[in-house]
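Protein chains in written order, with this note's numbering: chain D, -12 to 96; chain B, 115 to 229.
Hints listed in this document are in silico derivations from the structure and should not be mistaken for laboratory results.
Computed from a prediction, not measured in an experiment: that's the story for all the values here.
Take these hints with a grain of salt, some might be off.
[Said to hold, decoys possible] According to the in silico footprint, chain D covers these stretches of chain B (three or more CB under 8 angstroms from chain D): (1) 148 to 159; (2) 162 to 170.
[Unchecked claim] Simulated crosslink set (DSBU-like; lysine-lysine; CA at most 35 angstroms straight-line): (3) D:Lys9 to B:Lys138; (4) D:Lys(-4) to B:Lys192; (5) D:Lys(-4) to B:Lys138; (6) B:Lys192 to B:Lys138; (7) D:Lys83 to B:Lys138; (8) B:Lys192 to D:Lys83; (9) D:Lys83 to B:Lys182.
We put the CB at the ideal spot given by N, CA and C, even for glycine.
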Amino acid sequence: AQRVTQPEKLLSVFKGAPVELKCNYSYSGSPELFWYVQYSRQRLQLLLRHISRESIKGFTADLNKGETSFHLKKPFAQEEDSAMYYCALSAAGGFKTIFGAGTRLFVKA
Amino acid sequence: DAGVIQSPRHEVTEMGQEVTLRCKPISGHDYLFWYRQTMMRGLELLIYFNNNVPIDDSGMPEDRFSAKMPNASFSTLKIQPSEPRDSAVYFCASSLGTGGTGELFFGEGSRLTVL
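Turn these sequences into a full structure, and let the hints guide you.
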């Protein structure tokens, strides 16, 4: 069965500090992993996909198949990064997408 | 394109009443998803459609919940009768299937409060 686990409901860091939002998944096949973000008063939107291997707004995420993890990282957090972050998984080539419970990131000045 | 459009944005109703949430996906997208967002459980997939056909409704919590997609540009999620524990934000999302990137495009959500 597919499962996405985000162990932290709330993460609070100071501006300029590194941030890591954890995501672990369970899936027997080859997954595609995503991070979505929901800023205040905005729609939930895609932040990045593991296949793209890109950095968006300074965020990166590496798929670690051995540890079944897809943690989201940023070396220097900014106040505008405060938002709700969801890790998501779909089967490679498939379209059913499931989400974790989400982590609320709060970046303090 | 205005993106995925959901209505109503807010709904307050009393226990036992019927609730109907509506969604218009992005034109050309052939997948449509309904999710429920709560503080405790995050985003739960309720059901999704491909080319207007329900593919997986295993996330629908009970028989009180039903969803339809009569055509490519419209879907409804109905709760009858509603209960206080159904209070949540319900999101609709659409995606382009084959040829797409797997990205979901979300509506602004319908916040349901059942008293």
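Hint by hint, here is what the structure shows:
Given a C-beta distance limit of less than 8 angstroms, the hint that chain D covers the segment 148 to 159 of chain B holds, as 7 residues qualify and 3 suffice. Only residues whose beta carbon comes within less than 8 angstroms of a beta carbon in chain D count, and the segment 162 to 170 of chain B has 4; three or more means the coverage holds. Of the pairs offered as hints, the one joining Lys9 of chain D and Lys138 of chain B holds, with about 33 angstroms between alpha carbons and a cut-off of 35 angstroms not exceeded. Taking the CA atoms of Lys(-4) of chain D and Lys192 of chain B, the gap is near 30 angstroms; set against the 35 angstroms cutoff, the hint holds.
Between Lys(-4) of chain D and Lys138 of chain B, the direct Cα distance comes to roughly 31 angstroms. Compliance with the 35 angstroms bound is thereby established for this hinted pair. Pair hint Lys192 of chain B plus Lys138 of chain B holds up; C-alpha atoms about 15 angstroms apart against a cutoff of 35 angstroms. For a cut-off of 35 angstroms, the pair hint linking Lys83 of chain D to Lys138 of chain B stands: about 19 angstroms separates their Cα positions. A hinted pair counts as satisfied when its Cα atoms are at most 35 angstroms apart, and Lys192 of chain B with Lys83 of chain D qualifies at roughly 21 angstroms.
Restraint check: the Cα-Cα separation between Lys83 of chain D and Lys182 of chain B comes to about 17 angstroms, which is no more than 35 angstroms; the hinted pair holds.
Comparing the model with each earlier hint shows no violations; every hint is respected.
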